[in-house]
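There are 2 protein chains.
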Amino acid sequence: MTTPPLIEGHCQACNADSPLASDAEKKQWLAQIPDWEIIEIDGVEQLQRQYAFKNFVEAMAFAQKITDLAESHNHHPAILIEWGKCQLRWWTHKIHGLHENDFILAANSDVAFA
Amino acid sequence: MTTPPLIEGHCQACNADSPLASDAEKKQWLAQIPDWEIIEIDGVEQLQRQYAFKNFVEAMAFAQKITDLAESHNHHPAILIEWGKCQLRWWTHKIHGLHENDFILAANSDVAFA
Numbered sequence: 000m001t002t003p004p005l006i007e008g009h010c011q012a013c014n015a016d017s018p019l020a021s022d023a024e025k026k027q028w029l030a031q032i033p034d035w036e037i038i039e040i041d042g043v044e045q046l047q048r049q050y051a052f053k054n055f056v057e058a059m060a061f062a063q064k065i066t067d068l069a070e071s072h073n074h075h076p077a078i079l080i081e082w083g084k085c086q087l088r089w090w091t092h093k094i095h096g097l098h099e100n101d102f103i104l105a106a107n108s109d110v111a112f113a
Numbered sequence: 000m001t002t003p004p005l006i007e008g009h010c011q012a013c014n015a016d017s018p019l020a021s022d023a024e025k026k027q028w029l030a031q032i033p034d035w036e037i038i039e040i041d042g043v044e045q046l047q048r049q050y051a052f053k054n055f056v057e058a059m060a061f062a063q064k065i066t067d068l069a070e071s072h073n074h075h076p077a078i079l080i081e082w083g084k085c086q087l088r089w090w091t092h093k094i095h096g097l098h099e100n101d102f103i104l105a106a107n108s109d110v111a112f113a
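Protein sequences, first through last, are from chains A and B.
Going by numbering that gives the first Met the number 0, the first sequence opens with residue 0, and the numbers climb by one from there.
Going by numbering that gives the first Met the number 0, the second sequence opens with residue 0, and the numbers climb by one from there.
Treat the hints with caution; some may be incorrect.
[Claimed, not checked] Calculated pairs, DSS-like style, for lysine-lysine (alpha carbon to alpha carbon, straight line, at most 27 Å):
id	chain 1	residue 1	chain 2	residue 2
1	B	Lys64	A	Lys53
2	A	Lys84	B	Lys26
3	B	Lys84	A	Lys64
4	A	Lys84	B	Lys53
5	A	Lys84	B	Lys64
6	A	Lys64	B	Lys53
7	B	Lys26	A	Lys64
Hints were generated in silico from the structure; no laboratory data involved.
Construct all of the structure, not just a fragment, from the sequences and the given hints.
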């Protein structure tokens, strides 16, 4: 069985009944986005990656690209900007954890960086 | 004795020998920016405030205004953007804590928000 590329996925509208990613799905999807890690904040799993930049303005320009991406999918991350770095965290508030959407957006964030 | 308004201050170039804000100065300057608090992260004092917005894009637009402010003073904060909120933290890396510059930029951030 081949796994469809995350980058070809489309963000689905979520509600509180939407399924959390299973352990098997998380493993399979993480393999496609090897620079991301799953962290836990207040019991909620989130996808996290930090990107490096030459200065503050370039980090902010990337944050603006991510904002455009987030708006187009109607799904929004946490963005932490400091001098020379931008950290993203994707998770799904409505289900208090990780949905396929978050992996799709993480993959798309990498494309925006590339 | 009257305290000069922070908002009229100018950010000075800092080096490792620049003075940390004294307890008396912190008290006096915080009185001018009552929505800010001093927090400590890894032993480093920082000024922190969270601002509320209607959505992600407005929070990001504020982050862009803060970026312009930071560039004009050559002093940069940490900016955390989530849906409907933007949190700022100002501190001075070179002295591992708070300098007058941080209070001046906090006051200017409030002006940018107003």
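Okay, the hints, checked on the actual structure:
Taken as a hint, the B:Lys64 and A:Lys53 pair is honoured in the structure, with Cα atoms around 20 Å apart against an allowance of 27 Å. Note on A:Lys84 and B:Lys26: the hinted pairing is violated, with a Cα-Cα distance of about 32 Å set against a maximum of 27 Å. With a CA separation close to 18 Å, the supplied pair B:Lys84 and A:Lys64 stays within the 27 Å bound. Taking the CA atoms of A:Lys84 and B:Lys53, the gap is near 26 Å; set against the 27 Å cutoff, the hint holds.
Distance hint between A:Lys84 and B:Lys64 is fulfilled; the C-alpha atoms sit about 18 Å from each other, no more than 27 Å. A threshold of 27 Å between alpha carbons decides the hint, and for A:Lys64 with B:Lys53 the separation of about 20 Å falls inside it, so the pair holds. A distance of roughly 40 Å separates the Cα atoms of B:Lys26 and A:Lys64; the hinted pair therefore is violated under the 27 Å criterion.
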